[in-house]
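> So the protein sequences, as listed, match chains A, B and C.
Quick note on numbering: the first sequence equals residues 1 to 189 in my numbering.
Quick note on numbering: the second sequence equals residues 1 to 189 in my numbering.
Quick note on numbering: the third sequence equals residues 1 to 189 in my numbering.
Think of the hints as simulated: they come from the structure by calculation, not from any bench.
Even glycine gets a Cβ: it sits at the ideal position worked out from N, Cα and C.
Please note that a few of the clues may not be correct.
Said to hold, decoys possible - Here are the simulated lysine-lysine pairs, DSSO-like style, with alpha carbons at most 27 Å apart:
no.	chain 1	residue 1	chain 2	residue 2
1	C	Lys-63	A	Lys-93
2	C	Lys-179	C	Lys-108
3	B	Lys-21	B	Lys-60
4	A	Lys-93	C	Lys-60
5	C	Lys-63	B	Lys-79
6	C	Lys-183	A	Lys-63
What the hints assert, rightly or not - A few chain B residues that don't get close to chain C, going by computed Cβ distances all over 10 Å:
no.	residue
7	Gly-14
8	Glu-29
9	Ile-36
10	Glu-62
11	Asn-114
12	Gln-124
13	Val-143
14	Thr-147
15	Arg-153
16	Ala-154
17	Ala-157
18	Val-167
19	Ser-168
20	Asp-175
21	Asp-186
22	Val-187
Said to hold, decoys possible - Listing some non-contacts, in silico: residues in chain C with all C-beta distances to chain A over 12 Å:
no.	residue
23	Met-1
24	Asn-83
25	Ala-122
26	Glu-178
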Amino acid sequence: MSRKVVITGVPGVGKTTVIEKALEIVGEEGITYKPINFGTFMFEVAESEGLVKDRDEMRKLEKDVQKRLQKTAAQALGKMEGNILIDTHSSVKTPVGFLAGLPEWVLKELMPDNLVLVETDADQILMRRLSDESRVRDMEGSVDIDTHQRYNRAIAAAYSMYTGCVVSIVKNPDDLLEKSAGKLADVLR
Amino acid sequence: MSRKVVITGVPGVGKTTVIEKALEIVGEEGITYKPINFGTFMFEVAESEGLVKDRDEMRKLEKDVQKRLQKTAAQALGKMEGNILIDTHSSVKTPVGFLAGLPEWVLKELMPDNLVLVETDADQILMRRLSDESRVRDMEGSVDIDTHQRYNRAIAAAYSMYTGCVVSIVKNPDDLLEKSAGKLADVLR
Amino acid sequence: MSRKVVITGVPGVGKTTVIEKALEIVGEEGITYKPINFGTFMFEVAESEGLVKDRDEMRKLEKDVQKRLQKTAAQALGKMEGNILIDTHSSVKTPVGFLAGLPEWVLKELMPDNLVLVETDADQILMRRLSDESRVRDMEGSVDIDTHQRYNRAIAAAYSMYTGCVVSIVKNPDDLLEKSAGKLADVLR
């Protein structure tokens, strides 16, 4: 049986670290997942079609072209053999508002089995963002981060209505990586 | 006009008591509803197809088989004559996460007119669960119960988007059963 | 490129004032939107079909007729040339519960690009409602207003899942109309 697990979380929540540790845990049990970044995968589809040369050009594509690329990428992932762990966003916070990470035309092709929301307290996310000098991000306050995380839960519920996927909330507080990764491992098993 | 009302609530919220009292109230006005437990109804479908012998076997069925059974059950309910009151869950809390009680393929066939969320304070639910020795349940804290109830509101909103059903929140606090049942009766009238 | 922006907010949030000011701001930049009230538009469709003579009759129409009218209205808006700003509700609070303002059959035809939630603190909404003697409304407490605004966010997330529309939260606190209208103007640009 091949499973499709989608994992999401706001920037700075520490998603990548939890993914790596969880894959290590289940890997020791002989369970393997191919980790796929949805944005990167979409870029590769666009590049192979000769539509873009670098990732910056992705944002400049027409809305209809972006939609078609999302669909093509989701179709390819939907047909993929073996377990896959798709790293993406429940919603993307843009300067004007929240964009759905998994709109209907993506869900329909992908039909994920699980959707994981990696979350932690807004204050901790704020501190992690402040200490991460490698990324240039618009600084949000903790109220905005809270709003974003709550919005992600709401849209995840809509994703679940449409696909039947199980929605898991994996808390990733400071200093408890083993526990957080363990929870994700439970989903992946 | 025949109506389909779905009623949901987390374990321990006292859904059954509210349903019984409300059916009594509207019954006196000559309004009748056939109460149906969605899980039991699905089991009866599975049993009649020779797929299972007892309810425990339901959980062990393949995901695709479960999905088909949900659809068949929803189809039968969708075509049923007269008013029906369907007792189910907005979401089911499993050890890994929240499962949609009414995924798209169920909603499409059922097309409920109303969805009722029976709710009360997490602390009261906790006390009711503690005093109910007949059920063996994983003990959750009140924060988890709150999260579950909020998630149920979010997924109910998604159900409403997809079907146009009216979503009613019926509070069921301690010692106010008459009032709670009265609110449900207003929905059923 | 013609855009479809939907704007929503609970009664008393000051939606109309924000719309007027924002249209003035973008108008000075040569950006025009045709403002359309969805309810009025639906009424005009019903009137042209000889189904109703005044708006009161709209509520008395059969559910199926209302659904067909919603669909016809959404179809007409979906095909409209030029930018349109559609004034409607994310959810309507009826005596029994929340009704979806943009159910699936409306969304499918309309496919909005953006959905704006105009919000402010429940206490401010309460004060605005109290001072607005022109409208007869059921008086709600601030807890109920909060619940309604939160429900609107949840259903907006479901709308976004289904259409890919960007969801913007525009806060409209007392004495900061310029700022609120400026945020809406950012969406309209």
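> Determine for every hint whether it applies to the structure shown.
Status of the hints after comparison with the structure:
no. : hint                     : in the structure
1   : Lys-63(C) to Lys-93(A)   : 37 Å, violated
2   : Lys-179(C) to Lys-108(C) : 33 Å, violated
3   : Lys-21(B) to Lys-60(B)   : 35 Å, violated
4   : Lys-93(A) to Lys-60(C)   : 41 Å, violated
5   : Lys-63(C) to Lys-79(B)   : 18 Å, holds
6   : Lys-183(C) to Lys-63(A)  : 22 Å, holds
7   : Gly-14                   : 19 Å, holds
8   : Glu-29                   : 16 Å, holds
9   : Ile-36                   : 21 Å, holds
10  : Glu-62                   : 27 Å, holds
11  : Asn-114                  : 7 Å, violated
12  : Gln-124                  : 17 Å, holds
13  : Val-143                  : 18 Å, holds
14  : Thr-147                  : 14 Å, holds
15  : Arg-153                  : 6 Å, violated
16  : Ala-154                  : 4 Å, violated
17  : Ala-157                  : 4 Å, violated
18  : Val-167                  : 5 Å, violated
19  : Ser-168                  : 3 Å, violated
20  : Asp-175                  : 20 Å, holds
21  : Asp-186                  : 6 Å, violated
22  : Val-187                  : 5 Å, violated
23  : Met-1                    : 9 Å, violated
24  : Asn-83                   : 15 Å, holds
25  : Ala-122                  : 16 Å, holds
26  : Glu-178                  : 18 Å, holds
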